[in-house]
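Undergrad: The primary structure of each chain is shown beneath.
2 protein chains.
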Amino acid sequence: MDSVPEVPAGTVPEAPAGGAFASPAAARAAFRAGLVRPTSGLCPGYTQVNLLAVPQEYAFDFLLFAQRNPKPMPIIGVLEAGQTSSELLAGGDIRTDVPSYRVYRDGELADTCSEATELWREDMVAFLIGCSFTFESALLAAGIEIAHISQGVNVPMYRTSIPTVPAGIFSGPLVVSMRPLPASQVAEAVRITSRYPAVHGAPVHIGNPDEIGISDLASPDYGDAVEIPEGHIPVFWACGVTPQAALLAARPSLAIAHAPGQMLITDAADSRFQVP
Amino acid sequence: MDSVPEVPAGTVPEAPAGGAFASPAAARAAFRAGLVRPTSGLCPGYTQVNLLAVPQEYAFDFLLFAQRNPKPMPIIGVLEAGQTSSELLAGGDIRTDVPSYRVYRDGELADTCSEATELWREDMVAFLIGCSFTFESALLAAGIEIAHISQGVNVPMYRTSIPTVPAGIFSGPLVVSMRPLPASQVAEAVRITSRYPAVHGAPVHIGNPDEIGISDLASPDYGDAVEIPEGHIPVFWACGVTPQAALLAARPSLAIAHAPGQMLITDAADSRFQVP
Numbered sequence: 001m002d003s004v005p006e007v008p009a010g011t012v013p014e015a016p017a018g019g020a021f022a023s024p025a026a027a028r029a030a031f032r033a034g035l036v037r038p039t040s041g042l043c044p045g046y047t048q049v050n051l052l053a054v055p056q057e058y059a060f061d062f063l064l065f066a067q068r069n070p071k072p073m074p075i076i077g078v079l080e081a082g083q084t085s086s087e088l089l090a091g092g093d094i095r096t097d098v099p100s101y102r103v104y105r106d107g108e109l110a111d112t113c114s115e116a117t118e119l120w121r122e123d124m125v126a127f128l129i130g131c132s133f134t135f136e137s138a139l140l141a142a143g144i145e146i147a148h149i150s151q152g153v154n155v156p157m158y159r160t161s162i163p164t165v166p167a168g169i170f171s172g173p174l175v176v177s178m179r180p181l182p183a184s185q186v187a188e189a190v191r192i193t194s195r196y197p198a199v200h201g202a203p204v205h206i207g208n209p210d211e212i213g214i215s216d217l218a219s220p221d222y223g224d225a226v227e228i229p230e231g232h233i234p235v236f237w238a239c240g241v242t243p244q245a246a247l248l249a250a251r252p253s254l255a256i257a258h259a260p261g262q263m264l265i266t267d268a269a270d271s272r273f274q275v276p
Numbered sequence: 001m002d003s004v005p006e007v008p009a010g011t012v013p014e015a016p017a018g019g020a021f022a023s024p025a026a027a028r029a030a031f032r033a034g035l036v037r038p039t040s041g042l043c044p045g046y047t048q049v050n051l052l053a054v055p056q057e058y059a060f061d062f063l064l065f066a067q068r069n070p071k072p073m074p075i076i077g078v079l080e081a082g083q084t085s086s087e088l089l090a091g092g093d094i095r096t097d098v099p100s101y102r103v104y105r106d107g108e109l110a111d112t113c114s115e116a117t118e119l120w121r122e123d124m125v126a127f128l129i130g131c132s133f134t135f136e137s138a139l140l141a142a143g144i145e146i147a148h149i150s151q152g153v154n155v156p157m158y159r160t161s162i163p164t165v166p167a168g169i170f171s172g173p174l175v176v177s178m179r180p181l182p183a184s185q186v187a188e189a190v191r192i193t194s195r196y197p198a199v200h201g202a203p204v205h206i207g208n209p210d211e212i213g214i215s216d217l218a219s220p221d222y223g224d225a226v227e228i229p230e231g232h233i234p235v236f237w238a239c240g241v242t243p244q245a246a247l248l249a250a251r252p253s254l255a256i257a258h259a260p261g262q263m264l265i266t267d268a269a270d271s272r273f274q275v276p
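As you go down the protein sequences, you meet chains A and B in turn.
Going by UniProt numbering, 155 is the number at position 155 of the first sequence; the sequence numbering is gapless.
Going by UniProt numbering, 178 is the number at position 178 of the second sequence; the sequence numbering is gapless.
Treat each hint with caution, since some may be false.
Here are the computed distance ranges between Cβ atoms for each label pair [claimed, not checked]: (1) Gly143/A <-> Val275/B: 42 to 50 Å; (2) Ser215/B <-> Pro276/A: 27 to 35 Å; (3) Gln83/B <-> Glu122/A: 26 to 34 Å.
Here are a few chain B residues that face chain A, going by a calculated C-beta distance under 10 Å [what the hints assert, rightly or not]: (4) Ile162; (5) Pro163; (6) Ala167; (7) Gly168; (8) Val186; (9) Val190; (10) Ile192; (11) Ser194; (12) Pro229; (13) Gln274.
Since the hints were derived computationally from the structure, they do not count as laboratory data.
All of these numbers come straight from a predicted model, not from anything done at the bench.
Ideal Cβ positions, reconstructed from N, Cα and C, are used throughout, including at glycine.
Bound-form chain A, shown alone:
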């Protein structure tokens, strides 16, 4: 698990430096030109996604892993081998439009780079996976405070005792993110996030962390611990680190991912992923 990087602290709750971008396309153009920065808070209302790209030989198993585990691995789009753009990033290029990339060889971090064009093999298949930024925006809009944002750290994430459904070479534990909420807001948070099944959806667990194999909330496996105010209940959502951990544990010859907190900003409106 050491090979799954922790998200660096303090990268999330930051306002756009020098003002907002006019559009997702403008943000992608800036990243393409070399800008490297966290994407949290950029282009509000537009969907940001995780990138995980693998050679074709792993693609069926990985897509099947997603099909069997839609809560931690909601597929927003797939770029087939040879495809470097799509309607989700019109005029863009998946190899350059993420602020920075992490390159893994045999499951180990091998490199970090601001563009991946030279590394991008002809047979790379890119998976774009929903991210909790979408539902966090909806929670904030409903007046629900999110502890890690208020506290200026990254969301705490934990490996659980809940297994994913294996597919081919991929398996491993469900990883969850945790947001403590006052009891009075838990039901509303469930209601709101249930409306976003394409970005992890409803919580997978509410309350006692022991029941899902988490022994100490103060020691997350990824991200940062948050203070849990008196009377707040820990609420757990399926997390996109789950497929990344499963992918790296399978030690593929090559995998390319977004750097933590530096997501691909798509042209899709968050509202597109809302269900009634």
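Chain A is already provided as a structure; the job is to place chain B on it using the hints.
TA: For chain B alone, kept in the frame of chain A given last:
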């Protein structure tokens, strides 16, 4: 398109001969032992699915085609290469437990057989795809009459001018099934079928068939025409013939499917696929 078989007339609305089976497992055992018959009406409350199996080399493209076209191709389960059973057919065998199979070579019907064990290559991947039997049960339970069942024929199906989203070698038009309903029941039918996204979900079109490229309701491309009573509105649902037609049009070296109307009966309760 000629290579996609029409469902034989008169096979749908039939009661179990000699009484009902005690369970899906009992029905599968009977089919394994050689019984060949339509499955409509058998094991009420349990989900029946389409079977489409292809060699591994086509599996990624086909799964991606499903991911991009969930309404016509809702995936209920996938049996990986080498896997011949799953929790959907506990104790069963996908190669023997369908009443009869159709075998396609290079996209053309090559054979029909009551078991496929000898043809089943080690690298076959089997896709189990949701079927409208599930939502038809829910419509009937709500007192909505279904014309093709009342008239003792198969559901009429039509190629449309609506394209699917291509994936790899797979593409083609959306195929729809049509059920005429009195205007007073259209909203209720939409509400009910919307609750079953895993088995085609809400209608894709209501009313004027011209708008989706259907010139003559009396001449379906597959299945049988039904009489449309005065004042009834044609309601169109995405149909599982869509992936079968796309698959065969791509002319895979081998494909194995259920024979029309003779589905795999799974252990999954229909209610499992109902959403709020």
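Undergrad: Next step is simple, just say for each hint if it's right about the structure.
TA: Here is what the structure says about each hint:
Taking 42 to 50 Å as the suggested C-beta distance range, the pair Gly143/A and Val275/B does not conform, at roughly 27 Å. Roughly 34 Å separates the CB atoms of Ser215/B and Pro276/A, a value that falls within the hinted 27 to 35 Å. Against the hinted window of 26 to 34 Å, the Cβ-Cβ separation of Gln83/B and Glu122/A comes to about 30 Å, which satisfies the hint. Against a cut-off of 10 Å between C-beta atoms, the interface hint on Ile162/B is violated, since the closest Cβ of chain A lies about 17 Å away.
For Pro163/B, the shortest C-beta to C-beta distance to chain A is roughly 14 Å, which exceeds 10 Å, and the interface hint is violated. The interface hint given for Ala167/B holds, since its Cβ lies 7 Å from the closest Cβ of chain A, which is under the 10 Å cut-off. At its closest, the beta carbon of Gly168/B sits 6 Å from a beta carbon of chain A; the interface hint therefore holds under the 10 Å criterion. For Val186/B, the interface hint is violated, the least distance from its beta-carbon to any beta-carbon of chain A being 18 Å, above 10 Å.
At its closest, the beta carbon of Val190/B sits 12 Å from a beta carbon of chain A; the interface hint therefore is violated under the 10 Å criterion. Checking Ile192/B against chain A by beta carbon gives a least distance of about 15 Å; that is not within 10 Å, so the hint is violated. Below 10 Å, beta-carbon pairs count as interface contacts, and Ser194/B has one with chain A at about 9 Å; its hint therefore holds. This hint is violated: Pro229/B has a C-beta 31 Å from the nearest C-beta of chain A, more than the 10 Å allowed.
A least Cβ separation of about 15 Å between Gln274/B and chain A goes past the 10 Å threshold, and the interface hint is therefore violated.
In summary, the numbered hints that this structure violates are 1, 4, 5, 8, 9, 10, 12 and 13.
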